[in-house]
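**Student:** Residues per chain, in single letters:
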Amino acid sequence: MFGKILIANRGEIAVRVLRACRELGIRTVAVHSTEDKDSAVVHLADQAVQIGPAPSRQSYLNAAAIVEAARATGAEAVHPGYGFLSENPDFAEVCEANGLTFIGPPPDVIATLGDKTAARAAMTAAGLPLLPGSVEPLNDAEGAARLADEIGYPVIIKAAAGGGGRGMSIVEDPVEFSRSYQQTRATAQTLFGDGRVYVERYLPSARHVEIQVLCDGYGNAVHLGERDCSVQRRHQKLVEETPAPGLPAELTARMGEAAVRGALATGYLGAGTFEFIVDTENNFYFMEVNCRIQVEHPVTEAVTGVDLITEQIRIAAGERLRLKQEDIRRGGVAIECRVNVEDPDRNFVPTPGRLEKFVPPGGPFVRVDTHGFAGYKVPAAYDSLLAKVIVWAPDREGAIRRMRRALAEFTIEGPGVHTTREFLDRVLRDPLFVEAKHDTGLVARILGD
Amino acid sequence: MFGKILIANRGEIAVRVLRACRELGIRTVAVHSTEDKDSAVVHLADQAVQIGPAPSRQSYLNAAAIVEAARATGAEAVHPGYGFLSENPDFAEVCEANGLTFIGPPPDVIATLGDKTAARAAMTAAGLPLLPGSVEPLNDAEGAARLADEIGYPVIIKAAAGGGGRGMSIVEDPVEFSRSYQQTRATAQTLFGDGRVYVERYLPSARHVEIQVLCDGYGNAVHLGERDCSVQRRHQKLVEETPAPGLPAELTARMGEAAVRGALATGYLGAGTFEFIVDTENNFYFMEVNCRIQVEHPVTEAVTGVDLITEQIRIAAGERLRLKQEDIRRGGVAIECRVNVEDPDRNFVPTPGRLEKFVPPGGPFVRVDTHGFAGYKVPAAYDSLLAKVIVWAPDREGAIRRMRRALAEFTIEGPGVHTTREFLDRVLRDPLFVEAKHDTGLVARILGD
Amino acid sequence: MSSSYRLPRAVHTGFDEHGEHEVIELHHGGLDDVLTSVQRTAADLLARSPHAPASLTVRAGVVAVEMTWAATPAPAAVAAAAASQTVPAAAPAAAIGTVLAASTVGVFYRSPSPGAAPFVKEGDQVVPGQQVAIIEAMKLMLPVEADKPGRVVEVLVKDGASVEFGQPLFRLAPIDS
Amino acid sequence: MSSSYRLPRAVHTGFDEHGEHEVIELHHGGLDDVLTSVQRTAADLLARSPHAPASLTVRAGVVAVEMTWAATPAPAAVAAAAASQTVPAAAPAAAIGTVLAASTVGVFYRSPSPGAAPFVKEGDQVVPGQQVAIIEAMKLMLPVEADKPGRVVEVLVKDGASVEFGQPLFRLAPIDS
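Protein chains in written order, with my numbering: chain A, 32 to 480; chain B, 32 to 480; chain C, 163 to 339; chain D, 163 to 339.
Worth flagging that the hints you see were computed from the coordinates, not collected in a lab. These figures come from a predicted structure and were not determined experimentally.
Have a look at the derived ranges for each label pair, beta carbon to beta carbon:
# : chain 1 : residue 1 : chain 2 : residue 2 : range
1 : B       : G174      : C       : S275      : 52 to 62 Å
2 : B       : D470      : A       : D376      : 55 to 65 Å
3 : B       : N129      : A       : R460      : 28 to 38 Å
Not close to chain B: a few residues of chain C, all C-beta gaps over 10 Å, as computed:
#  : residue
4  : P274
5  : P280
6  : K283
7  : E284
8  : G285
9  : D286
10 : Q287
11 : V289
12 : Q292
13 : Q293
14 : E307
15 : V315
16 : V317
17 : A335
All C-beta atoms in this analysis are idealised placements derived from N, C-alpha and C, irrespective of residue type, glycine included.
Extracted from the complex, chain A is given alone in its bound form:
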């Protein structure tokens, strides 16, 4: 096991990783920008290194500074959290080249799975179901249009290098295809420096369901069930839950098996998430793999009792998975709400500032992951996620009631600071959400967008 780990992130996930390290008896190094020098993880870590100024590009995305910080402090491994450098194959490679263990999949696996067309090809080879569409990127508009005709409209054009809902267009009608194709290529080139796109069937009322997997370096892999992340605003998840309400257990078990098959076929290592789309006939199709721990991992932890970050670290240290598939028993329902420092009344504009009062909820079956504390100044330079509230209950109705109770007692006050707390309560009491008949359009409908 490692003696010291450098946490190459900030905010709540940095604290989350630190907690796992402490429980494993591993010393920690926090790296931080000038803006974050009074942050929770800096207070909690055994050591802290200031790696750059506020802008992420010069600090949390500054691979050289992070590797130097690891070298200077004697850290043996780097946990990248989510976002920032977590899915950057070059960073993973630089770590390895400098004798540091990158806690995540090998660089080539990240590279393959981060490229949508390469990932589609690999998963096709592994026998996973894919939506009708192109496996290889399409370089000529005519060929692409012919393929779209074969697939049948509506189709979606996606950037091979895209992600997070950016760089995609839905085409309803063949006459629009050519223009959309050119436009998506141009956007992809601008956004990702990579104009390659592919085309696939678009399912308007499909559900997005993701499967958590864990793989060790000895060919062992397990899945830990699914998560439903349908409550989104502009592709940003607000509420996540498990199990996915209304999905037959037999279906999610099959999706889990598919994810394990895909992970083993690509040489995956550590914790990963397979995203699937499920149509109204309960057919499922592979979408993409997230080569990192997810923001919403705690809901899986709550129903399985498995500490995913600890497992990531053990796997990276060369340990064998101690869990077999039959050991993973899921019970009850878990929901996570993301409390962001944003003003829902002003189009969710971030409202950073000093937290004069900060009293997180507590009591039975409530977990809070946050870097906030009374007196903390939420910086303007980074994203607005301040706290994740996770609840567990034997059933979904109980979990919703518990979450509403927890959110109601969460006190966050500061000059100019607003949060999504009350908006989340609106989601939780929405009749469609309560009956689990919602889809990704729920938030827009509540907002009257």
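Given the coordinates of chain A, work out where chains B, C and D should sit on it, guided by the hints.
**Tutor:** Chains B, C and D alone, transformed into the frame defined by chain A:
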């Protein structure tokens, strides 16, 4: 179900009860002394009534004021928490006489079980094993001495009306018996206004194990497993855990069945705890029943997933138990630590005062029940329990590591304020505790008393 | 950390029951004069403070002065306003006299029986030991008696209303005022 | 609540940004008079304070003065400052001149190669653009250059030591001092 509940308590348990009420959609009335008017439960409750000055006798023990507050606010039921009026049959009766539901067993059951000799008689009748000793109180010294000879030394003389470790003497030798008998009677008369005592076999190295039960008003009862509370300082529990390490599951199942039998035989209602003593040959003997929710109830909640306060309220509202014995599946290990505002370096003297910083631990499988918050002034008038930290893990070793992590990140600072946080860590890393070979002498040994 | 917390309610002057805090809040006003006033107020309060405060905040609209002192010399805590004895009148600052407060939770009655004349009305003078009201608690009729001589300035609670412990019932002025 | 926290960005006057500190923040121009008044107010209150306060804040609209003092007479903590540019020298208050800080995390070397003479030593005068050290980061040797004329008063980091971003490397005095 009730529309409004009055919470006749303060501190963390008042907040705990309020949380359950909120999840059930029940409005809440907090009652408070002048000293507690800025307390967490007062801030959170729908209504608050000031019932008296700081001394408990004029506020939290003031039955008339509490009943008047319920009447004035239209509360339909009273939750007594633990301590204060929670096991007072007169208060339960006054509530009923004023049309209020007392959330607990009926007054006559509290009276019977609160009297050690009456409880022993009832449990003997129900077929529970008791330590050799007297069922009826002993009124003459000679008869008592004869009984002690029959039982065999060492014996323990206990006040019939006693509890919490007060009013008992251990007698090692027959020559000491007469003096101890007179002394214990005199002490009992002074402490409890009731000089009755009884005698039973004393087991020096026995373990104290308690069983949680739930009973509805329709003859249904379940047990929710055991708790081990061996880490005590002067009969005050500091650390509690479940399962009791090292006890065979078959044994605790039999104890659970015995507790259910005893509860049904006495017409118990609601949540209760049966205390047993277990000797080195794994024989168990009934000791007493606690007719209230216990401080340490969260460990049982953590391993069973059952919200005990919610169950108490549902039962009091006349609902049937929805749980059957086979529904109660226990998983993993839970530990609770009581963080008291006391200075371990000065003989655990209470150190009330203003909390300038108060950052409770969070993250996976950590629960905090507290009434503390940054800015809260811990009053000197009441007991020193400030927070309970409860952790869950798949195994005991993981739970200990998690608890140590949680305690380490718990920040409590204020002028003159000390806590037992670091002392608890000493307990958790003690080799005897780690190997679960400790007994109730552990704390004294650590302190070098 | 030098956190000090403001009293949660209303306009206060003077010290709260814990003896640690002093707050004045005003609203509106022009900057320069206000600033001078605020400064003078703060300095004044400091001079008059019976013992060193832990913190001081003076706010006037956009102008604010806040000072905190380290908590070393523990202030002599002023106890909570107790029982049914007269206590210093609550805000506003200008108010003089004392209040007679409820000694128990219950229902407040001004008259010995429904329809009867009240024990006392505004303007009446009372002497110590004189019954001025009843509080009914648990079916018991508990007399409320004046504990000081005074003149009833204001009856603060309606007949038949529920009162909590310590709730002001009557405002009394000194006899000679 | 009067918790005063450091203002991490914007316009600072005064001393180091760790521990005991003093910050004045301006956002808009044309507040000179207000600033003067606020400053006078603060100074005045300090003079009248019965004993040394732990913190002081004076606010007038967008103008604010906040001062906090450490509970104990704290050592003059040397703080990270901005970039590789010279920044005002850290406390003690009497210190004059500027510091040259690290622009990246890495290993600090005073000489071009092991055993060679240092680029600069105490007492040397430097001119803008002159190389004064090396920081090695990811096997790259990054030159550290003076950005202002000055005289080296103190070398703050040992040869071969790791430095973090913003860590002061050299203390420089103005040439004419």
